[in-house]
Structures are given as C-alpha cells and as structure tokens.
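Q: Residue-level listing of the chains:
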Amino acid sequence: MIRKITYGIFLGIIVLSLILFFAAFPFGKNKMAVGKYYLKNDINQTGAANVVTAVTLDYRGFDTLGEVTVLFAAATGVAILFYVLEEDKKKRERQVYPNFVVRVGSRIIFPFILLFGSYIFIHGHLTPGGGFQGGSIIASGFLLLYLAYPGERVNRSKLSVVEGIAGITFAGLGLWGLFTQGNSFLFNFLPKGQLNMIFSAGILPIIYIAIGFKVASEFAGIVDDMMCEAVCSGGEK
Amino acid sequence: MVNIANPILLIAIPLLFAFLIAVLAPWLKKGVKYIPVIAFGLNLLVVFELIPDVLDNGIVIATTAGIKPPFAINVAVDRLSLFLVLIATLLGFLVSIYNLVYIKEEPAEKFHILFTLLVTGITWMIVTGDLFNMFVAFEVTSISAFGLVGFHRDKDAAEAGFKYLVMGSIGASLLLIGVVMLYAATGTLNMADIAEKIMRFTFKQKLLPYAFIFTGLGIEGALFPLNAWLPDAHPAAPSSVSSILSGIMTTAAIYGIIRVTVTIFNYYQVILFLILFGLLTLMFGETAAFFQKDIKRMLAYSTIGQTGLFFYAFSLGSINGMQGAFLQMMNHSLAKATLFLVVGGIIFSVGSRNIDDFAGIGRKMKLSAFLFAIAAFSLMGLPPFFGFWSKLKIIFATLERVNVYTIAFVVIVLFMSLIEAAYFFRVMQVMFFKEAKEEKEVREAPAWMLIPAITLVVIILVLSFYPTPVINFAHKAAADLVGRSVYINSVLGGL
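Going down the list, the sequences are from chains B and H. With the numbering used here, the residue at position 146 of the first sequence is 146, and numbering never jumps. With the numbering used here, the residue at position 229 of the second sequence is 229, and numbering never jumps.
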C-alpha cells in the first residue's frame, strides 16, 4: 500500500510539472525558429517532397544514425540474453503446426507484406512513412511466418550480414560526403533530381532503403531469438 | 590530403567497424575480436590530431549535412570534451586489447559489437553539441550497457541487468521530457542556441526542465538517491565492461550534467543543492564500500564515492573547484579502470570474488598485486601519486572562502578519504601479508590482460611526477567552461 502511494506521489509530481510547464509554454505556437527554417528551405536544400524525411534524414540525419545504432544495440543485446549454447539446444521435437488456413494463408500473404513494406521505405522521401515503418512491416511478415511454422528458422548469419551491410551503407555514405565534398558528415552529394520523382533528394532514398533492410533484419532477428528461446531450449514447463 | 582532425570521425569510424563485425562474424568468428582494437586505435589517432587544434583555438566544431548550426546537428570539442574524449578513447583501446583473451564465452562476436557501441556512445555523449543528439547517445550507451551487464546470463547478471534496464529507462524518459520542455520553450535543440535563448528566462522557468534533465542524467551518473542499480550492475558485468562502466560511463553522465548546468542553463542558483548531492553520494559510496566482502562490489561502491567527490568539487562553482573536479575525474578514470582490469585478471586465476580468497596473491601474482597497489594509492590520494594533487586541489578550492561550512566540507572529504584508504589497505593486507589456507596453483594473468593495466599504471606514474601540464590544461578547461562565450560564440558565429 505504502509502495503504491509513493508511486502515486512520484507520478503526480511528474504529471503536475508537465501541466505547469506546458501551461506556461504551449507547444509549437509560433516560436519554432528551427521548424520554420525547415519548412522554408526543405525543397531547395534537400529536394525531398516529404519534409519529415528531410528533417529526419538530412537536417537531423546524425540523430537517425544514432537511432539506427540504438536498434542495432538492442537487437544485439536481445541476441546475447536469449543465446542458447549449441550443446544445450534440444533436438527439435515434433511440432504441432497450426491449422491449414494459417499455414497456407501466411504463404499467400507474405509476398504482399514484403512488397508493401518495400513500397513504404522506397517512397520514404515522397510519402508518409520511411525506413523504420517499412522495415517493421516486413518484420511483421516474418513474425507471421514464425507463427505459422514454429519449427522453422531463418538463417541468422544472413540476417546479420544484411544488418551490417545496411549499417555500413549509412555510415559509409556519411563518410563519403565528409571526405569528398562539403567537408561535412552526411553531406547530400548526389543530384537533387526533380521534385516528387522517385529519383530525387540525393542520398536520402538510399539511406531509407538501407534503414528499411536494417530494421527488417533486426526485428526478424529479435523474433527469431525469442522463438528460439521458446522452441530450441525445450524450456521447463 | 584528407583532414582527419574532424571530431565526427570519433563516432563514424567505430560505428562503421561495429557494423563490419556483424558482416564478418559468420566467416571470421575468431578474427572479429581484433576489429574494436583497430577502430579505437584509429580513434586515438584522430584524438591526437585534434589536440593541437583544440589547444590553439579552444574549440573544434564540425557540422553535419553541410548545413550550419542551429539548423543541423553539430559536434563541438572544447578543452573539457577533449579531456574526457582522450580518456574514453584510451580506455576503449586498452580494454579492447584486454578483451582479446578475456572474452571466451559465447556469443563473443555480439559482445565485441556491444562493447564497441558502448564506448562509441560514451564518446558521442561527450562530443555532441546538440541536446537531443545527447539523448540519442545516452540511449546508445545505456542500451549497449544493459546487454553487456547481462552477458554472463546467470542469476546475478539477469537481476542486475533487469534492475539497470528499468532504472536506466526511467532516467532516459526523464531526460527526454526535459529535452522536450526545452524545445517547447526555446524552439531549438542546439546547445549553444538554447544557452543564448534561455538567458531571458527566470529562475522558476528554468527549474522544471533542469530538474528533469538533472534527474535523468543523475540516474546514469549514480548520484546518491538514484544509484540503486550501480552496485549490482558493475560487479555483474564482465570485468572489462565494469572498467568502462566505472571508469568513464558514470563520468560521461556527470559531464552531461556539467555541460547542462554551466553551458546551457548558467545555473549558479542551484549550486548549494548540488553540493549536498555530491557530499551525500560521497558519504554513501565510501561507507558502503567499507563493508563489502566482494571485491568488485567494493570497487563499484568506491566508484559511487569518487563520483560524489568530483561532483562535489564541480558544484563548488569556482574555476579552481572545477579544475579539481576534472583532475579527479581523470585520476578516477585511470585508476578505477586499472583496478577493475587487474581484479578481472586475479578473479580469472583465483576463481573467486571474495576478498578473503585473495590471500597470498602478493607472492603468486606479483605484477598484478603491484599494479593493484599503485592504482589504489593513486585513487585514495596518497602522495606523491596523481590522486594526491587532485584531492589537494579540491581541498584548496573548498577553502577559498573559509567559514563553518567549508571547514565541515573539508572534514567530510578528508574523513571519507580515510575510510577509502582503510578498505583498500585491508585488501592489500590480505593480498600481501596473509598466508593462503590451501595451496592452490595460481598463475599470473596472461600477458595481453596485463599490458593494458601496465600502460595505465605507467600513465598514472608519469602524471604523478609531471602533473603540471595536465593541471594547467584542466585550469584552462575550467576557465573556458565558466566563461561560456568561447563555446556559444564559436558554435553560432564562426564557421
């Protein structure tokens, strides 16, 4: 009881201070100097029709590199915590497969999920969405396959390679801009192209495609680790 | 000729290599452990290239995306950041050498990835010039630390990792709320830009965002009521990770608090409050360390105490106080990293973390025991070691104004140093003068695990006998920090 009251008091303090603060400084009312600059200069400077993408990948692209790294660290951490030694792995018991509808349905729907996810991240600089969203959609396709076929596994080393290559692409593009032109990390060195076309906005679509692959392989890896924890180790019931 | 004196490389290079580990791991399972050594070796080169630039100009700034701050993220290395980045990179390089033989457990390649990301995140936190970017770096650091703390996957590690995960995530959320508040109030995220815009704010308007950011970073920096995770997490992690966590990660979080308090908020009204935090942390850490039987737990509590000491010195608010704090940070980083590395080697051979089982080590592992002794002497501030100069500086800085309070502070600091000396001498007494109960075959740790510790001890010894350049440098760093104008004007005006 005392514990709950203490939690309540702390939560109350946080909520109260948020209310007090945002009553004094209402969010986004005509004072986001930086935001105005982005809206005005987005098309000239980045060539991206989607201003959100321009902010996340160009003006604050360094943050996005950080977010990608956070996800990478999280996926690697999950892999460490759920690691099962080769000799501890139980022989795969006869699996009880889900029913026919789930198995066949997931096979039919999986390519469409892949297509939709890729569409989202390839068009990240034009339409809402981007690498993170597209990647998560693709990973949800993998989750579906795992639910339909609990005994099967994806090839982990291939996922790891895809993950690494995508990360190298992102960091490498940044370094390329730094060393060849502009002397600035993540400099947009490719031509801006024509607005609203798929080949526009310079390096932005390439980065989003890399992020899409990276996020998809990382989430698929996390799903695989958790499935393996449940299936390979046998587990005490 | 490509200019490599660019602080962004400090982050980009190790990230690139961390991703490379993931690509190469399926084929080069044994070889990937050398990649962190290469990455941090290159980083060390970049830091050495940066030193003359920072000494000449006081600050080096790099932009991203070819757009000038505050519209794009920038990276700024002034004297204080350089000081800490040098330590972080050096420790990263030496500890990754240590990892070559130390890490035998599977999945080793994942360990090396997370280790690289941990040190990168710490470096990132120190060099960034953007508040939200600092939050991202904080996340990179703490999420890799969660995984590494749980690396052994036994009961202790799981418990410690989970505790750390919960507290660290609460800390990150509070930090994020604070950053959002500042963004709502000033409309910008660049540290220098916020600093300029926040000048017209009153004490009360600054208080809430400051409180959130302070608490968020304070959890990672293990300030007194917020440090419940540390005494579990640091010992549960592999020793090489403990040496990074204790040696530089808590320090980096305290650096965040310093940067926010002085450069952004210019907030001298809260200083008395911060002194209280520093002293409480110091007293709690040292007293708790005194009662520990587990050597790694003892060192972890000692980290809390030392953090309290340099946080106290910083919160004196004077240039001399901050100078003392920076020197003590350096002393603590070098000495505590050495202690954890050496203790890791001893545990490797003896197979126990209990201090009583270390009897007779002084004769069987002469070199390790000797390295332990030197690092411990420096940590507790025995003359003529480096720690003596930094503690002396802190005491002089306290006594700049002599009154009842400052004398009480000095008495507390001295008394706590005494307790610190007591528990380190107790360990050494067991190591050197106690006979082992049963004769056990104990061999010296492998050479590659000793070399990093030897290097650190050599650095400590050099600093002990030639402290003047570092002391002068720390003074300039403190003066630049308090002056603020160098940082703010060069980020916003220059380029």
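It should be emphasised that the hints constitute simulated quantities derived from the structure, not laboratory data. For every residue, glycine included, the Cβ atom is placed at its ideal position computed from N, Cα and C. There may be inaccurate statements among the hints.
Some chain H residues close to chain B (C-beta under 10 Å, calculated; not the full set) [as the list claims (entries may be wrong)]: (1) Asn3; (2) Asn6; (3) Ile73; (4) Ala211; (5) Phe212; (6) Glu400; (7) Gly483.
Q: With reference to the structure, classify each hint as holding or not holding.
A: These are the hints, each one checked on the structure:
no. : hint   : in the structure
1   : Asn3   : holds, 7 Å
2   : Asn6   : holds, 7 Å
3   : Ile73  : holds, 4 Å
4   : Ala211 : holds, 7 Å
5   : Phe212 : holds, 8 Å
6   : Glu400 : violated, 35 Å
7   : Gly483 : violated, 26 Å
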